[in-house]
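Number of protein chains: 4
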Amino acid sequence: MKIVGICGSVRAKSLNMMALKTVVGLLPAEVSFEYARIDDFPMYNQDIQDGPGIPAVVQRVADQVRAADCVLFATPEYNWSLPPLLKNGIDWVARTKDQPFAGKQMALMGATVGTFGTARSQLHLRDIMIPLDGRMMNRPPVMIPQAQNKFDADGKLTDQPTMDVLKMFATNLVAWAAAGKK
Amino acid sequence: MKIVGICGSVRAKSLNMMALKTVVGLLPAEVSFEYARIDDFPMYNQDIQDGPGIPAVVQRVADQVRAADCVLFATPEYNWSLPPLLKNGIDWVARTKDQPFAGKQMALMGATVGTFGTARSQLHLRDIMIPLDGRMMNRPPVMIPQAQNKFDADGKLTDQPTMDVLKMFATNLVAWAAAGKK
Amino acid sequence: MKIVGICGSVRAKSLNMMALKTVVGLLPAEVSFEYARIDDFPMYNQDIQDGPGIPAVVQRVADQVRAADCVLFATPEYNWSLPPLLKNGIDWVARTKDQPFAGKQMALMGATVGTFGTARSQLHLRDIMIPLDGRMMNRPPVMIPQAQNKFDADGKLTDQPTMDVLKMFATNLVAWAAAGKK
Amino acid sequence: MKIVGICGSVRAKSLNMMALKTVVGLLPAEVSFEYARIDDFPMYNQDIQDGPGIPAVVQRVADQVRAADCVLFATPEYNWSLPPLLKNGIDWVARTKDQPFAGKQMALMGATVGTFGTARSQLHLRDIMIPLDGRMMNRPPVMIPQAQNKFDADGKLTDQPTMDVLKMFATNLVAWAAAGKK
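If you read the protein sequences in the order shown, they are chains Y, A, S and R. Taking the working numbering, the leading residue of the first sequence gets 3, the next gets one more, and so forth. Taking the working numbering, the leading residue of the second sequence gets 3, the next gets one more, and so forth. Taking the working numbering, the leading residue of the third sequence gets 3, the next gets one more, and so forth. Taking the working numbering, the leading residue of the fourth sequence gets 3, the next gets one more, and so forth.
Derived by calculation from the structure, the hints in this document are not laboratory data. Careful, some of the hints might be misleading.
Treat identical chains as interchangeable: a pair holds within one or across any two.
With a Cα cut of at most 30 Å, we get these calculated DSSO-like pairs of lysine-lysine [unchecked claim]: (1) K158 with K4; (2) K183 with K15; (3) K158 with K99; (4) K15 with K99; (5) K169 with K4.
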């Protein structure tokens with residue numbers, strides 16, 4: 003089973019990447035996990051697509067998504083919505099041939115320094131996946147507020163209630179990915 | 003009176019820019035209108051802000067917004083949400099000192115080749131402006147579907163019903179901008 | 003295979019009921035379809051639940067939903083959201099024991115006299131089903147604008163493009179319901 | 003100055019009513035505050051409007067709203083959206099002649115037993131007020147999580163951080179209402 007992870011932050015000490023890595027560490031050995039890199043995409047402009055065409059870096063991620071049984075998004079929240087980096091990654095991949103999010107199992111999680119843990123950006127990300135026909139897992143919600151207090155200096159999760167949620171999330175994620183296998 | 007316009011598309015033949023220019027052409031002579039350029043911003047990453055700091059190109063737009071009585075957004079819709087270009091512009095400007103969208107009068111419009119005329123991306127843009135305390139005009143909604151059939155080769159609006167809506171929009175926009183003047 | 007239909011309007015000449023009946027007429031013979039009645043529910047108030055308990059009329063619908071392989075919602079749009087009648091039906095059923103929307107395959111459609119065909123109320127209905135873990139079908143979207151011009155006096159659909167969409171919808175609905183069968 | 007309050011819950015021990023009353027207690031003496039009662043409205047059905055007409059209980063609230071400088075909503079959150087009671091109240095009032103929410107200053111607040119304090123139902127309530135042209139205050143957000151632990155047996159607010167937010171909210175509310183005075 004293959005799961006591909008897409009993180010909406012490329013900060014050196016990204017809390018979302020810490021959370022994502024925590025989930026990856028909880029996956030069983032038979033799951034092959036790889037990250038998809040979206041920070042080397044140009045800003046989306048249809049004129050690029052219509053002219054030079056889909057960039058190779060975009061096609062590479064599209065291929066990763068197509069080959070995966072499930073996509074796992076980790077999204078920050080900026081101004082109650084997702085970061086432009088993540089929207090840019092999705093918009094580009096969505097324009098590739100036989101767009102690969104269609105019918106794909108997927109799940110989302112998020113962490114913030116604030117009190118709402120990406121409740122709003124997750125709603126927007128879900129909206130975005132409707133026209134792309136992504137099949138988003140619902141439970142358990144993973145919205146980690148005050149995340150800066152829940153990881154140590156090495157990025158290790160130290161908050162037990164959050165760990166309990168992530169364990170349930172990892173378990174459900176594997177079942178969700180399996181449900182999508184042809 | 004000053005109004006600053008921000009377009010979410012930099013395509014050479016952007017339908018949203020055509021619609022925006024049409025509205026600008028309907029504004030009375032006493033309104034000073036200028037465009038804010040957001041396509042030379044780097045992709046938002048808080049590490050840039052925390053390291054090198056706010057880019058000069060971002061600060062320039064922040065100053066334009068602060069000096070304006072009203073901001074006018076023209077937004078495409080990609081996958082039921084706003085383009086990464088526009089989200090990136092907003093997220094950057096929102097991080098400048100005394101963030102300039104706070105308490106600012108603003109309005110939005112959009113055009114698409116599809117049938118819903120940016121109904122969904124406008125909802126997301128409105129959501130985004132809540133935490134930033136933007137004061138978004140409600141009426142009339144400007145959601146131009148099948149826009150590719152409503153402008154001629156020179157970008158001139160040829161659809162009379164759309165022109166009627168844009169005239170009302172321009173009138174209300176001036177009143178809305180005036181209501182925000184100190 | 004069993005599908006249960008819930009209509010958000012009880013108007014005598016409800017366009018949504020006409021659209022719903024059209025879909026029902028397109029279902030293959032092996033599908034058993036029944037309507038769930040929600041217009042005899044009291045207005046939701048948790049004090050009713052905590053006192054007299056779940057009304058029998060609510061439990062009846064909860065049982066219908068649980069027994070079904072799929073739920074089909076037809077929703078009008080009032081003020082960019084769903085009608086209180088439909089929200090009330092959902093909120094009540096959601097409070098029954100082993101809430102029956104959890105893990106349930108479902109789909110939604112809508113018709114309006116306006117131009118956006120319930121694009122916004124469908125977004126809200128999808129949001130509502132996230133915490134309830136409903137599994138909402140994505141394609142094709144069925145948002146019927148100007149519906150008053152698309153049905154004849156007997157409630158028969160006369161618009162061929164809409165009929166084509168509804169046929170695809172009915173086909174996908176059966177496959178979606180089948181995917182949820184244990 | 004007149005402010006009218008509409009509460010989305012009629013529970014005997016409604017946390018939202020407790021929160022609303024707390025705000026009312028913080029308003030200066032020159033503000034006249036009254037509650038609008040929406041729990042005696044029939045479930046919205048356009049056939050009622052087209053037949054017997056707008057119920058007198060609805061017209062009474064429409065008149066209250068029209069006479070007010072500002073409307074204050076207190077909304078619970080059921081399944082990530084507003085309660086049917088509140089949607090029903092709004093939908094009915096919105097159908098009265100010269101619908102009175104148009105151009106009206108308004109604000110919203112909410113309390114929940116859960117962790118997100120009505121973050122999602124407030125988004126939906128804001129969406130609903132866009133087509134009605136309500137002018138919703140943005141700051142400060144009042145989303146009271148774990149509200150059951152923040153009021154005593156008499157409904158008195160005992161949580162100081164929440165009280166601080168409500169004081170700022172009451173101050174801003176008066177200024178917001180004043181800004182809308184003709």
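Return the numbers of the hints above that this structure violates; sort them in rising order. Hint check: 2, 3 fail, others pass.
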